[in-house]
Amino acid sequence: MNRPLTWKEVPQGGWIEKPGNAVDYETGDWRSIKPVWIAENCIHCLRCWVFCPDASIMTEGGKMTGIDYKHCKGCGICANECPAKPKALEMVNESDSGDK
Amino acid sequence: MQERIALTGNEAMALAMKQINPDVVAAYPITPQTEIVQIFSDYVANGRVKTEFITVESEHSAMSATVGAASSGVRAMTATSSQGLALMWEVVYIAASNRLPIVMPVVNRALSGPINIHGDHSDTMGARDSGWIQIYSENTQEAYDNLIQAVRIAEHPDVLLPVMVMMDGFIISHAMENLFILSDQDVQKFVGEFKPHRPSLLDVDNPVTVGPLALYDYYMEFKRQQAEAMRGAKPVILEVAKEYAELTGRKYGLFDAYKLDDADLAIVVLSSTAGTARYVVDELREKGIKAGLLKLRVFRPFPYEELAQVLADRKAIAVMDRADSYSAFGGPLFTEVRSAMYDAKKRPPIVNYIYGLGGRDVNLDHIRKVYNDLVEIARTGEVTQLVNYLGVRE
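Chains as they are written, first to last, in the numbering used here: chain F, 12 to 111; chain S, 384 to 777.
Source of the hints: derived by calculation from the structure; they are not laboratory data. Among the hints, a few may not be true.
[Said to hold, decoys possible] When the alpha-carbon atoms are kept at most 25 Å apart in a straight line, the in silico PhoX-like pairs for lysine-lysine are as follows: (1) Lys19(F) with Lys698(S); (2) Lys752(S) with Lys673(S); (3) Lys84(F) with Lys74(F); (4) Lys19(F) with Lys578(S); (5) Lys698(S) with Lys642(S); (6) Lys634(S) with Lys606(S); (7) Lys752(S) with Lys642(S); (8) Lys670(S) with Lys642(S); (9) Lys81(F) with Lys98(F); (10) Lys673(S) with Lys401(S); (11) Lys617(S) with Lys29(F); (12) Lys29(F) with Lys81(F); (13) Lys19(F) with Lys606(S); (14) Lys728(S) with Lys698(S); (15) Lys29(F) with Lys634(S).
Bear in mind that the values here come from a model prediction, so they are computed numbers and not experimental data.
With the hints as extra help, turn the sequences into a complete structure.
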């Protein structure tokens with residue numbers, strides 16, 4: 012969703028006529044802390060994928076490939092659940108992380 | 384082909400509902416409900432309609448079930464009155480903002496307290512900002528005709544708003560009058576088959592969400608769009624009335640002006656009191672007093688331009704409200720009519736009479752008094768008492 016819709020464009024009566032459009036709503040900027048994936052520590056158990064209350068753990072062929080920062084709200088559950096030793100997910104302050 | 388029969392207002396509304404034959408009617412079947420749904424439930428029990436009749440546990444649930452049914456893409460109706468409408472409140476607004484073409488007869492009755500079951504307009508005047516189209520009926524014939532037209536207005540693609548059709552409690556709802564009725568086939572043909580205007584809740588191939596959240600970033604766009612739908616309703620109401628006149632010979636507009644063209648004195652009033660006022664207008668005309676009457680039919684959308692046009696040349700106007708708004712100013716009809724006159728080419732003096740609360744009778748002498756006051760106001764051009772309570776013990 013780029014440009015916000017005008018009153019002439021919004022669906023009548025607030026009905027959502029296209030299902031599955033939550034992906035258009037970028038919730039990533041709600042974050043104050045963010046998970047950082049350390050690929051070399053990852054054992055690809057996908058517990059983070061199971062526990063993520065959003066759908067922000069990206070996978071391919073049954074393997075963890077990264078984090079969808081456009082939607083990750085920074086709750087920290089993935090890092091908490093990560094069983095790898097040392098952990099493959101760490102929470103860092105957005106303000107400390109330099110980039111986004 | 385029309386037939387002339389005698390029915391009470393409740394019977395006429397129930398008959399119109401039967402002839403409309405809605406897919407779903409949800410109602411709470413005890414007081415403050417009216418006889419309308421009781422009579423309609425007989426039609427259901429006797430197999431005279433194909434309607435799914437849902438008896439719910441409260442008026443709040445009646446409107447909720449009607450909203451649910453309408454969202455699923457069928458023609459849905461309910462009926463209410465007084466405290467029943469008050470209990471529906473939350474969902475009444477949702478029906479309008481979800482743009483659901485629900486049609487609901489409302490028998491106008493007072494709100495508590497003190498506890499009172501008789502006729503006044505407090506119930507629907509409270510709902511005037513709910514986003515529903517409001518059509519007021521003078522008598523049994525109008526109640527019947529307005530209900531049938533309401534279906535077409537509500538479901539018109541330029542509108543898609545719920546419509547409440549009013550008649551005065553007891554005075555009309557319980558009084559038997561002659562009226563012309565259409566055949567079931569003619570009503571069916573007039574209202575047409577219900578076609579959902581978009582995918583609805585039970586359309587599994589096109590799943591939708593109804594009633595989601597919209598905060599400060601979108602709420603206002605939806606409300607702006609809703610306001611535009613109400614503006615769009617006015618031409619549709621007139622279009623439907625024209626088509627109905629072709630079928631029945633009975634003409635309806637946004638209001639009915641009686642001997643108003645050359646009138647010096649005018650009363651603006653809703654519903655059954657117009658009948659009483661019309662009698663007094665004739666009486667005064669015989670005495671050479673130029674009295675006229677404006678009976679407003681459509682209160683929402685409020686026809687402010689049309690009203691200003693026909694009222695501007697009067698010398699004095701009285702607006703009669705069968706409800707107070709407790710604004711410490713005047714009744715709801717008064718404040719809106721008076722506001723409409725602000726841009727008129729002339730601004731005649733306008734006074735307010737609040738009358739008939741809780742079913743207090745309004746008789747010919749009351750109306751004569753109002754016209755008498757107008758004679759004096761027209762003569763002096765001065766209003767000494769802006770808001771008056773008619774028929775109250777001082």
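Against the structure, the hints come out as follows:
{"no.": "1", "hint": "Lys19(F) with Lys698(S)", "result": "43 Å, violated"}
{"no.": "2", "hint": "Lys752(S) with Lys673(S)", "result": "15 Å, holds"}
{"no.": "3", "hint": "Lys84(F) with Lys74(F)", "result": "22 Å, holds"}
{"no.": "4", "hint": "Lys19(F) with Lys578(S)", "result": "23 Å, holds"}
{"no.": "5", "hint": "Lys698(S) with Lys642(S)", "result": "14 Å, holds"}
{"no.": "6", "hint": "Lys634(S) with Lys606(S)", "result": "33 Å, violated"}
{"no.": "7", "hint": "Lys752(S) with Lys642(S)", "result": "19 Å, holds"}
{"no.": "8", "hint": "Lys670(S) with Lys642(S)", "result": "14 Å, holds"}
{"no.": "9", "hint": "Lys81(F) with Lys98(F)", "result": "23 Å, holds"}
{"no.": "10", "hint": "Lys673(S) with Lys401(S)", "result": "43 Å, violated"}
{"no.": "11", "hint": "Lys617(S) with Lys29(F)", "result": "31 Å, violated"}
{"no.": "12", "hint": "Lys29(F) with Lys81(F)", "result": "20 Å, holds"}
{"no.": "13", "hint": "Lys19(F) with Lys606(S)", "result": "11 Å, holds"}
{"no.": "14", "hint": "Lys728(S) with Lys698(S)", "result": "13 Å, holds"}
{"no.": "15", "hint": "Lys29(F) with Lys634(S)", "result": "43 Å, violated"}
In the structure shown, a violation is registered for the earlier hints numbered 1, 6, 10, 11, 15, in ascending order.
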